[in-house]
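J.: These protein sequence lines are chains W and R, in that order.
The working numbering puts the first sequence at residues 3 to 117.
The working numbering puts the second sequence at residues 476 to 588.
Wrong hints could be hidden among the right ones.
Claimed, not checked - In silico EDC-like links for lysine to aspartate or glutamate, alpha-carbon gap of 20 Å or less:
id, chain 1, residue 1, chain 2, residue 2
1, W, Lys-58, W, Glu-44
2, W, Lys-73, W, Glu-44
3, W, Lys-7, R, Glu-489
4, R, Lys-545, R, Asp-513
5, W, Lys-7, W, Asp-57
6, W, Lys-39, R, Glu-547
7, W, Lys-70, W, Glu-44
8, W, Lys-7, R, Asp-513
9, R, Lys-545, R, Asp-528
10, W, Lys-73, W, Glu-17
11, W, Lys-39, W, Glu-17
12, R, Lys-486, W, Glu-44
13, W, Lys-56, W, Asp-26
14, R, Lys-545, R, Asp-531
15, R, Lys-532, W, Glu-17
What the hints assert, rightly or not - Every beta carbon over 12 Å from chain R, so not counted as near; a handful from chain W, in silico:
id, residue
16, Glu-17
17, Ile-22
18, Glu-44
19, Leu-49
20, Gly-62
21, Thr-65
22, Arg-95
These are computed hints drawn from the structure, not numbers from a lab.
Even glycine gets a Cβ: it sits at the ideal position worked out from N, Cα and C.
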Amino acid sequence: DQQVKQNSPSLSVQEGRISILNCDYTNSMFDYFLWYKKYPAEGPTFLISISSIKDKNEDGRFTVFLNKSAKHLSLHIVPSQPGDSAVYFCAARANSGGSNYKLTFGKGTLLTVNP
Amino acid sequence: DAGITQSPRYKITETGRQVTLMCHQTWSHSYMFWYRQDLGHGLRLIYYSAAADITDKGEVPDGYVVSRSKTENFPLTLESATRSQTSVYFCASSESSFGSGDTFGSGTRLTVV
Numbered sequence: 003d004q005q006v007k008q009n010s011p012s013l014s015v016q017e018g019r020i021s022i023l024n025c026d027y028t029n030s031m032f033d034y035f036l037w038y039k040k041y042p043a044e045g046p047t048f049l050i051s052i053s054s055i056k057d058k059n060e061d062g063r064f065t066v067f068l069n070k071s072a073k074h075l076s077l078h079i080v081p082s083q084p085g086d087s088a089v090y091f092c093a094a095r096a097n098s099g100g101s102n103y104k105l106t107f108g109k110g111t112l113l114t115v116n117p
Numbered sequence: 476d477a478g479i480t481q482s483p484r485y486k487i488t489e490t491g492r493q494v495t496l497m498c499h500q501t502w503s504h505s506y507m508f509w510y511r512q513d514l515g516h517g518l519r520l521i522y523y524s525a526a527a528d529i530t531d532k533g534e535v536p537d538g539y540v541v542s543r544s545k546t547e548n549f550p551l552t553l554e555s556a557t558r559s560q561t562s563v564y565f566c567a568s569s570e571s572s573f574g575s576g577d578t579f580g581s582g583t584r585l586t587v588v
């Protein structure tokens, strides 16, 4: 039972355009969502997060949108740069007492930004 | 150097052997985690620890053992390695707040032959 779903295994965009990466979740207990970026042969690095009490969080070129009613979040990258080419993981954390700090990850989306 | 380090970076072992993957963090983060990354599965949690001497199972704990006698170390042991445990293993640590994400090590690529 996959609780965090990234239905697009890959996405290709042109440099300077917008990249939109999508993520759906099924667990209503999730109340904190994160995006990680991963380059080959490196560990994932934290990119941006959003609490369930918000519907938008922005950090420079990166914006995350959360639609709680649809159980959907998206990551927007504007403008996209070739250095953004990486695998992007969506992750979620449930407010469930002692296991607050366990992350559930999606399978990832490979973003390729073409020059 | 400050950070989270994993060793070894690469390991080849034979089926049935015991192997231990090491993880060390310098921040004194309370929480530490072990994940495995496999094609088609993303990152899956193996075990996690909320503090020294406190550990709990994640999504895929079978065949693995962890310990946490010191806050900074969180070794992962494969008691009798199987080919299905061929994977890339990531250790991570976290502050006790929701303000930022977990910090990951560079990973250990383990091959069981």
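J.: Compare the structure with each hint and give your call.
T.: Hints and how they fare:
1. Lys-58/W x Glu-44/W: violated (28 Å)
2. Lys-73/W x Glu-44/W: At roughly 30 Å apart (the allowed maximum being 20 Å), Glu-44/W and Lys-73/W break the hint.
3. Lys-7/W x Glu-489/R: violated (34 Å)
4. Lys-545/R x Asp-513/R: Roughly 29 Å separates the two Cα atoms, so the pair is violated.
5. Lys-7/W x Asp-57/W: holds (19 Å)
6. Lys-39/W x Glu-547/R: Violated, at roughly 25 Å.
7. Lys-70/W x Glu-44/W: The hint is violated at about 32 Å.
8. Lys-7/W x Asp-513/R: holds (15 Å)
9. Lys-545/R x Asp-528/R: holds (8 Å)
10. Lys-73/W x Glu-17/W: Violated: Lys-73/W and Glu-17/W sit about 29 Å apart, past 20 Å.
11. Lys-39/W x Glu-17/W: OK: Lys-39/W and Glu-17/W at ~18 Å, within 20 Å.
12. Lys-486/R x Glu-44/W: holds (16 Å)
13. Lys-56/W x Asp-26/W: holds (16 Å)
14. Lys-545/R x Asp-531/R: Judged against 20 Å, a Cα distance of about 16 Å means the pair holds.
15. Lys-532/R x Glu-17/W: violated (42 Å)
16. Glu-17: Check passes; 27 Å lies beyond 12 Å.
17. Ile-22: For Ile-22/W, whose nearest Cβ neighbour in chain R is about 19 Å away, the distance exceeds 12 Å, so it holds.
18. Glu-44: Violated: least Cβ distance 6 Å, not greater than 12 Å.
19. Leu-49: For Leu-49/W, whose nearest Cβ neighbour in chain R is about 8 Å away, the distance does not exceed 12 Å, so it is violated.
20. Gly-62: Correct as stated: the minimum Cβ-Cβ distance to chain R is 16 Å, above 12 Å.
21. Thr-65: Non-interface label stands for Thr-65/W: nearest chain R Cβ at 16 Å, farther than 12 Å.
22. Arg-95: violated (7 Å)
When each numbered hint is compared with the structure, violations occur for hints 1, 2, 3, 4, 6, 7, 10, 15, 18, 19 and 22.
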